[in-house]
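As a plain string of letters, each chain reads:
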Amino acid sequence: MSTSTAMLLAELAVEALVLPLLLVGILRTLRARLQKRTGPRILQPFYDLARLTRKSSSISLETGPVFRTAPAISLTAYLLVALVTPWWGLCAPIRGDLILVIFLLATARMAIGLAAMDTGTAFGGMGASRESMLSIFVEPTMVLALSAAALVSGNLWLNGLAKPSVIAGGSAYVLPLAAAALWLAAAVETSRMPIEDPVTHLELTMIHEAQLLEYSGARLALLEYQSALKLTVLYGLVAQLLLNELVIREPFERWVGTLGLILCLVVAAAILDTLLVRLHWRKLPDLLIFGLAFSLVACLLAALRG
Amino acid sequence: MALFVILLFVWGLAALMSIVGPLHNRGTRAAVLVAAGACLLFFLAEDAFRNPLVIALPPQYCLVGIRPCLKFDWLSGWFLAVLAFCTIAISLYAPSYMNHLKPAPDMRIYWVGFVVLLAAMCGVLLAADAITFLICWEAMALSSAMLVLTNHQERATRTTGLIYIAATRISTLFLAAAFLWIHGITHSWSFAVWHLTGQIATWPAILLVIGIAIKAGCWPFHLWLPAAHPAAPAPVSALMSGVMVKTAIYAFLRFFIVQRAIQSTDAAYLLLTLGLITAFWGVLFTLLQRDLKRLLAYSTVENIGVITCAIGMSMVAFQFGYAGIGLTLEVAALFGVLSHALFKSTLFLAAGAVDIAADCHNIDKLGGLGRRMPRTFLCTLAAAASFCALPPMAGFATEWMLFHGSLLLALDSHQPALRMGALLLVGWLSLVGALAMATCIRFVGVVFLGRARSLACQKAHECNRSMQAGMALTAVMSVVTGITAAAIIGELLHAINHGGPQVLAVGYSLPMGQFVLLALASAGLLTSWLAYHDRTAGTADVQAWDCGSGGLTARMQATAESFAQPIARLFGNIYRYAIEVEFDGASPRLFPEHITVETHADATMESRVYAPIVRIIDRLGGLIAQLQTGSIHTYLLTMFATLLLLLAVAGYYR
Amino acid sequence: MNAFDSLLGNLLLITSLWMVGITAISTKLTLYSVQTLAVGSLATLVGVAHHEPALVFAGVGVFVFKGIAAPLYLAHLTQAVGCRKDIGSFIASPLLLLLSAAAVGGLFLFHPFQQSVPPAALPSIGVILAGMILMVSRRLAISQIIGFLVLENGMFFFTVTIPHSLPLLVELGVLLDIMAGTMIAGVLTFQISDSFEHIDILRLGNPRK
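Chains as they are written, first to last, in our numbering: chain A, 5 to 310; chain B, 5 to 658; chain C, 3 to 211.
None of these hints come from the bench; they were simulated from the model.
Treat each hint with caution, since some may be false.
Computed from the model, here is a short list of chain B residues facing chain A with C-beta under 7 Å [stated by the list, open to error]:
1. G202
2. G374
3. R375
4. L394
5. F400
6. L427
7. G431
8. A490
9. G494
10. E495
11. A527
12. A548
13. W549
14. G552
15. S553
16. F567
Cβ coordinates follow ideal geometry from the N, Cα and C atoms, glycine included.
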């Protein structure tokens with residue numbers, strides 16, 4: 005391994021460890037300020053995590069090994085996603101493609117879903133069931149959006165997103181549409197506002213969070229970090245699509261641009277969290293279908309370009 | 005060849021063993037011999053995979069004037085190897101399972117049927133001419149029908165058996181028509197001579213597709229599959245779903261891709277459409293099933309749909325001249341056959357184990373079996389992961405090749421319609437994949453996790469060692485084949501290219517080894533950290549959060565029904581899903597005392613399409629029955645009329 | 003020019019499809035306004051570039067009347083009638099969105115009007131299709147007016163992308179007709195709302211009810 009690769013890996017590690025929690029801190033603080041509250045410090049998520057890892061876990065008597073290991077499995081899946089996607093603006097150290105990413109996300113979803121079923125509570129099952137319903141929209145949306153982007157960049161491997169082989173001018177809406185679809189899917193995956201209220205803990209209204217209700221201590225710490233990482237990686241991917249639309253190719257510029265765009269998306273998320281109200285979960289298909297339709301139209305336009 | 009004869013001899017001996025000798029261990033002896041035969045079969049398959057060989061039987065074995073011909077090549081070898089694997093696992097599992105069955109089945113019927121089914125499947129996979137193929141196809145159908153009817157004392161089973169036999173008859177009818185048609189064009193029964201292209205190939209190809217699709221359980225001919233599997237004993241379901249249904253896939257591959265016997269664009273599109281609908285339909289109905297084995301049967305329908313999609317897409321790619329992509333998709337289908345055979349037999353065997361342990365196959369009455377049957381649970385989990393195509397399982401390699409091939413087609417082609425079609429296929433299959441995952445969480449979660457929903461479930465204990473061994477073999481294989489998929493697919497591509505012109509295909513080019521190592525390292529570190537943390541920081545045993553209602557009971561957890569509800573509502577029109585909630589009590593709105601929830605779903609294909617057809621046939625049958633009054637004069641008159649009609653027809657065509 | 007044309011065509015198409023999927027009237031009006039302003043400015047630019055004063059007039063007319071005045075008027079109407087959302091459509095709007103996306107996709111991929119329509123004008127056919135779907139599917143009268151306006155946008159874009167396809171004088175006449183039509187439809191809707199206390203087309207089928 006050459007030194008430059010090692011440097012790159014070290015940078016990725018630092019970015020994957022620090023950036024997610026920082027972003028979550030920014031998001032929470034910003035949202036609080038927008039709602040005229042003082043809110044937590046920006047570094048609060050780090051303290052939270054440290055506090056959680058010190059605590060002992062409360063584990064329900066009825067749960068088995070699935071519940072105990074699921075956080076580790078799902079975090080592993082997300083770490084792999086972070087390793088194979090160019091979410092930080094530069095090429096990923098390991099070559100992976102969109103299919104692998106989609107199925108890694110599915111692995112995490114399955115682990116958490118089974119863990120929720122393992123608790124034997126009504127809430128866990130409800131969360132798992134609703135999350136499965138949402139995944140019916142999220143998964144095709146992500147696949148189609150990323151495929152459209154892959155078609156534009158002329159490369160099926162995800163690193164092609166960071167280093168597109170063909171960018172001839174604009175993409176005739178393919179990339180913006182794909183980015184919009186991916187952003188909507190990311191909003192579902194990261195439980196943002198019109199889909200789910202990230203601050204409430206009223207059991208009946210929760211979807212993703214209902215699955216995590218029984219977790220505490222170190223396991224909860226892993227899950228918190230995982231959700232922050234998920235937010236960062238998905239926003240990073242959205243940023244890649246937008247950067248390709250803007251024809252930014254220089255690695256350093258891409259890196260800076262990615263950071264900037266992720267920050268913009270986080271600010272947008274904070275604003276939307278403040279402005280929007282949560283939709284009833286049965287109304288969600290009406291919203292999510294737009295993600296699907298956008299990615300379909302993106303695919304259509306991408307297919308017509310060739 | 006000698007090996008093949010020995011193999012048949014060993015299996016014959018197995019059948020004999022089940023008929024004669026001391027009663028108590030007939031099953032075990034037969035099973036051992038069947039497994040030994042399967043090991044031989046594996047070597048045979050390996051040999052066929054590398055050294056293709058065509059054998060014509062000696063002239064004294066002539067059938068209707070032609071010499072039966074057997075062909076050993078890589079395609080047969082691949083399917084024979086799959087057959088051998090599943091057979092070994094199933095025969096390890098079967099004896100103790102059959103001993104636990106109540107009422108005790110007739111071992112003779114079971115083992116003789118089993119052996120005949122195995123031999124017939126070998127015959128189908130090896131046949132090189134239409135007559136041999138058709139005879140073996142028939143033998144396969146009848147022997148499997150015999151196995152489905154193992155528990156023939158029950159009326160429901162007999163009805164199921166009738167449905168199954170009817171389906172296979174219709175399948176054979178279509179196949180025979182197709183073969184006759186092709187024979188009319190080519191004047192040969194031998195597959196090697198058949199090369200039909202263009203307009204002339206269309207109708208035989210469509211007949212062939214329908215005939216094989218019935219056997220495969222493609223929509224709209226899938227109805228026999230969910231009927232037959234729950235009725236049959238678990239090992240039989242495992243063999244039928246794991247391998248027998250795959251002979252239909254073999255036939256698709258043999259006729260349309262490998263041999264290029266018939267090339268028809270219409271057939272390709274038909275196959276693709278059938279596959280797309282089948283996959284969606286199958287998974288949608290999997291989601292609502294309550295019977296464990298019926299659920300698995302519907303999921304087989306889904307998997308068959310996905311594999312059929314791969315074959316259809318491969319045909320399309322070949323026809324548009326993208327040979328490399330076509331080959332990639334073909335390999336996806338082949339690997340899909342392997343992965344599905346492995347995980348589906350594991351799941352069926354596990355379902356059998358659950359059925360015996362908890363004496364119930366209604367998933368509404370199961371639950372919490374994971375801690376009582378940890379090994380069965382582990383096997384099921386591995387198989388379910390492969391079913392959901394989670395990396396690095398075998399199922400993932402299949403989906404990866406299929407998606408990657410389709411996306412490559414979208415990338416390389418210059419026709420917008422083809423590009424969009426390939427993208428839509430990928431989107432559609434990912435929708436199916438998301439649904440499949442939901443069914444999997446539901447199935448594993450409700451049966452193995454949470455709290456036990458019945459007393460029998462609480463008392464359940466792990467099945468015995470030989471049954472565990474059978475399940476573990478296929479489960480471990482689905483992990484191993486997943487991790488080594490790149491090497492296996494490389495071998496497969498090598499074998500395919502060996503027979504024909506060199507074609508470059510994509511292969512399984514993910515750096516899976518790195519991923520597996522990283523994932524193991526990360527998951528291992530994290531879990532051991534968690535375990536260490538639990539030990540040092542301590543854990544508090546608590547009750548799960550119950551909103552302070554004073555303890556959760558098994559009835560409060562999500563049921564299979566409630567889990568499926570959000571998705572079922574979404575696709576309600578397809579099932580005609582209806583949910584009725586009734587509140588009862590003094591003040592039903594505020595203080596309901598009794599709440600009843602009723603859900604209805606309809607197997608729409610059966611109730612809206614097949615039931616009317618059956619009614620019409622019944623009515624017509626009634627009309628014909630009026631002729632059968634028993635009066636000899638009517639019969640004579642009918643015969644006379646027929647004779648006149650035939651003479652008239654003959655005269656007209658002269 | 004050509005690349006710009008197709009960019010604009012796709013924008014029109016996307017906004018029209020989007021409108022099929024949503025039920026909120028104000029969002030629909032905003033989207034309609036965006037696409038009409040885009041079409042108007044395109045026509046003006048084309049007119050300036052090709053020195054066709056009639057086209058410039060038409061473009062400015064569309065920009066001002068159809069892009070600004072009509073949406074404002076319809077927004078006012080919505081306020082006055084008190085209908086902020088579609089009361090319903092004959093097919094669930096998410097499903098309709100997918101179906102119309104599929105229909106437009108099929109239109110693009112299989113191109114059924116190969117002889118009469120050049121590929122550059124295909125988006126406008128898609129817009130006309132979306133407008134028709136919008137008109138046919140909705141129960142609220144205002145949505146149907148919007149659908150009609152979208153349809154007209156598609157036709158106008160068609161005339162702009164195909165040179166010399168339609169005398170521009172005719173287009174100007176159509177523009178005036180549209181203005182008059184919108185006004186009349188608006189007044190009628192207002193009247194209907196006044197006398198029936200709703201503007202649900204489905205319930206207008208049998209006025210005696």
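(message) For each hint given before, does the structure comply? Return the numbers of the non-compliant ones in rising order.
(response) Numbers 1, 8, 9, 10, 14 and 15, in rising order.
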